[in-house]
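Counting from 1, one number per residue, gives the positions in the sequence shown under our numbering.
Honestly, the hints are just simulated from the structure, not real lab data. No experiment lies behind these values; they were computed from the predicted model shown. A few of these clues could be false.
[Stated by the list, open to error] As a list, the in silico SDA-like pairs of lysine to any residue whose alpha-carbon atoms are at most 25 angstroms apart:
(1) Lys403 to Gly452
(2) Lys227 to Lys71
(3) Lys340 to His322
(4) Lys489 to Asp432
(5) Lys340 to Val439
(6) Lys349 to Lys292
(7) Lys349 to Gln386
(8) Lys292 to Val229
(9) Lys71 to Arg118
(10) Lys219 to Asp164
(11) Lys514 to Glu437
(12) Lys350 to Thr377
(13) Lys464 to Arg487
(14) Lys292 to Thr255
(15) Lys349 to Asp164
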Amino acid sequence: SEECPRTVRSGDFVRYHYVGTFPDGQKFDSSYDRDSTFNVFVGKGQLIAGMDQALVGMCVNERRFVKIPPKLAYGSEGVSGVIPPDSVLHFDVLLMDIWNSEDQVQVHTYFTPPSCPRTIQVSDFVRYHYNGTFLDGTLFDSSHNRMKTYDTYVGIGWLIPGMDKGLLGMCVGEKRIITIPPFLAYGEDGDGKSFSFLKLLPSASLVFDVALLDLHNPKDGISIENKVVPENCERRSQSGDFLRYHYNGTLLDGTFFDSSYSRNRTFDTYIGQGYVIAGMDEGLLGVCIGEKRRIVVPPHLGYGEEGRGNIPGSAVLVFDIHVIDFHNPSDSISITSHYKPPDCSVLSKKGDYLKYHYNASLLDGTLLDSTWNLGKTYNIVLGSGQVVLGMDMGLREMCVGEKRTVIIPPHLGYGEAGVDGEVPGSAVLVFDIELLELVAGLPEGYMFIWNGEVSPNLFEEIDKDGNGEVLLEEFSEYIHAQVESGRGKLAPGFDAEMIVKNMFSNQDRNGDGKVTAEEFKLKDQEAKHDEL
Numbered sequence: 001s002e003e004c005p006r007t008v009r010s011g012d013f014v015r016y017h018y019v020g021t022f023p024d025g026q027k028f029d030s031s032y033d034r035d036s037t038f039n040v041f042v043g044k045g046q047l048i049a050g051m052d053q054a055l056v057g058m059c060v061n062e063r064r065f066v067k068i069p070p071k072l073a074y075g076s077e078g079v080s081g082v083i084p085p086d087s088v089l090h091f092d093v094l095l096m097d098i099w100n101s102e103d104q105v106q107v108h109t110y111f112t113p114p115s116c117p118r119t120i121q122v123s124d125f126v127r128y129h130y131n132g133t134f135l136d137g138t139l140f141d142s143s144h145n146r147m148k149t150y151d152t153y154v155g156i157g158w159l160i161p162g163m164d165k166g167l168l169g170m171c172v173g174e175k176r177i178i179t180i181p182p183f184l185a186y187g188e189d190g191d192g193k194s195f196s197f198l199k200l201l202p203s204a205s206l207v208f209d210v211a212l213l214d215l216h217n218p219k220d221g222i223s224i225e226n227k228v229v230p231e232n233c234e235r236r237s238q239s240g241d242f243l244r245y246h247y248n249g250t251l252l253d254g255t256f257f258d259s260s261y262s263r264n265r266t267f268d269t270y271i272g273q274g275y276v277i278a279g280m281d282e283g284l285l286g287v288c289i290g291e292k293r294r295i296v297v298p299p300h301l302g303y304g305e306e307g308r309g310n311i312p313g314s315a316v317l318v319f320d321i322h323v324i325d326f327h328n329p330s331d332s333i334s335i336t337s338h339y340k341p342p343d344c345s346v347l348s349k350k351g352d353y354l355k356y357h358y359n360a361s362l363l364d365g366t367l368l369d370s371t372w373n374l375g376k377t378y379n380i381v382l383g384s385g386q387v388v389l390g391m392d393m394g395l396r397e398m399c400v401g402e403k404r405t406v407i408i409p410p411h412l413g414y415g416e417a418g419v420d421g422e423v424p425g426s427a428v429l430v431f432d433i434e435l436l437e438l439v440a441g442l443p444e445g446y447m448f449i450w451n452g453e454v455s456p457n458l459f460e461e462i463d464k465d466g467n468g469e470v471l472l473e474e475f476s477e478y479i480h481a482q483v484e485s486g487r488g489k490l491a492p493g494f495d496a497e498m499i500v501k502n503m504f505s506n507q508d509r510n511g512d513g514k515v516t517a518e519e520f521k522l523k524d525q526e527a528k529h530d531e532l
């Protein structure tokens, strides 16, 4: 027993098929032969009296066998050449459609989404799927078969009047059945342009099973919903900043279209300069590092009517973003000192040899590296290019025992490339530093200096065997002896043997592996900055 929401009443308009026979089975008429239903008002004298009575109470898709006596049919006169006088008539009737001129659009919602922040209003633009059937269930059209939504404005005459009305108040994700009488659909002539088969079915009631996927208004801007905002937000993003962020991108009905997480790397871009869609350019302004927000972008601020890739045309986009870090190309390093010892008078400078501990992390707290974990200090000569420029700047004017945090923008760190597998490209770096040891460097340009007066008999002192030639072994032994006694000093942080070899090579003018008194003297005389 199928559902029967409505039965024929006097005054209704019906469409039905029938076969008319005499009691002996001989057919005298059939609507099937004409390939068209019989369409008529009930109870208005347009039918023989027996049929007017027999149709009352019928449901759509109900089949009735009706026996009509002559007095309720064509009586003693009959129909010339077709129905003899005083004929009993048998009708096999199948009701296809029923409506009344008083009918309105009928809406039955059979699925409502848990959340409905917004419903369809006049002038909204919608994307929906539908199956279109007649009242008897016969399918005449479906957007699913075309694998494409039906996209249209609502309430401005782009749709049949019944659909314009039936869609109002609908939520994204809602499913409803909209039943439309013909005078609010395609009328008595049907719509030959859109559906050629409707020409065969004038005065047809239409049933649309609709699922709403998307909804926006051309006047919409973006909407922002803050999910997580860090308590400590010292700085918010501005136009011209460079952002690194993760995102999940979906359509309004939840259909996934893209994610930075699936690529296992952030999306990196300048904001406010047209590198991303207009809605995203706007939605990323004013964010904090670590913030999570939802940005809903209407199509005119997204990918428009054309769409892109697997994003349909005229689609509203939903981005759930997580800001990892941002900086501005004009940024320098930032230094915050957390502790200084009482005596903090000797400050680091270029050329000094430093030993320090550090923790290196990203702005979101992700740990990259730590000397504490390795159990040994990191040792460098300041200003010698042994660390990134931002770190070199951040270690200056620091005293032993001091603890500071240095934040380094990527253009003073590892740049757009980063370090493969270790530091992401364009990442802002955070170093927590503790300086443990400082050995003062030599004046710029020197690798060895005397801590007192230079002996007037320097060559003779180096040439211990007095043969007038100094070999590398003699030279090296002498220099190391001066360092050990405190009379001389090598530049800290470099390989001592390499320094000594370079010093020897500078004196060995002809490159024969030995230094004579003449070479030594000449070299000694030619430059003020000479090592010896």
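Hint-by-hint comparison with the structure:
no.	hint	result
1	Lys403 to Gly452	violated, 35 angstroms
2	Lys227 to Lys71	violated, 78 angstroms
3	Lys340 to His322	violated, 36 angstroms
4	Lys489 to Asp432	violated, 32 angstroms
5	Lys340 to Val439	holds, 18 angstroms
6	Lys349 to Lys292	violated, 41 angstroms
7	Lys349 to Gln386	holds, 14 angstroms
8	Lys292 to Val229	holds, 7 angstroms
9	Lys71 to Arg118	violated, 61 angstroms
10	Lys219 to Asp164	holds, 19 angstroms
11	Lys514 to Glu437	violated, 38 angstroms
12	Lys350 to Thr377	holds, 19 angstroms
13	Lys464 to Arg487	holds, 18 angstroms
14	Lys292 to Thr255	holds, 20 angstroms
15	Lys349 to Asp164	violated, 77 angstroms
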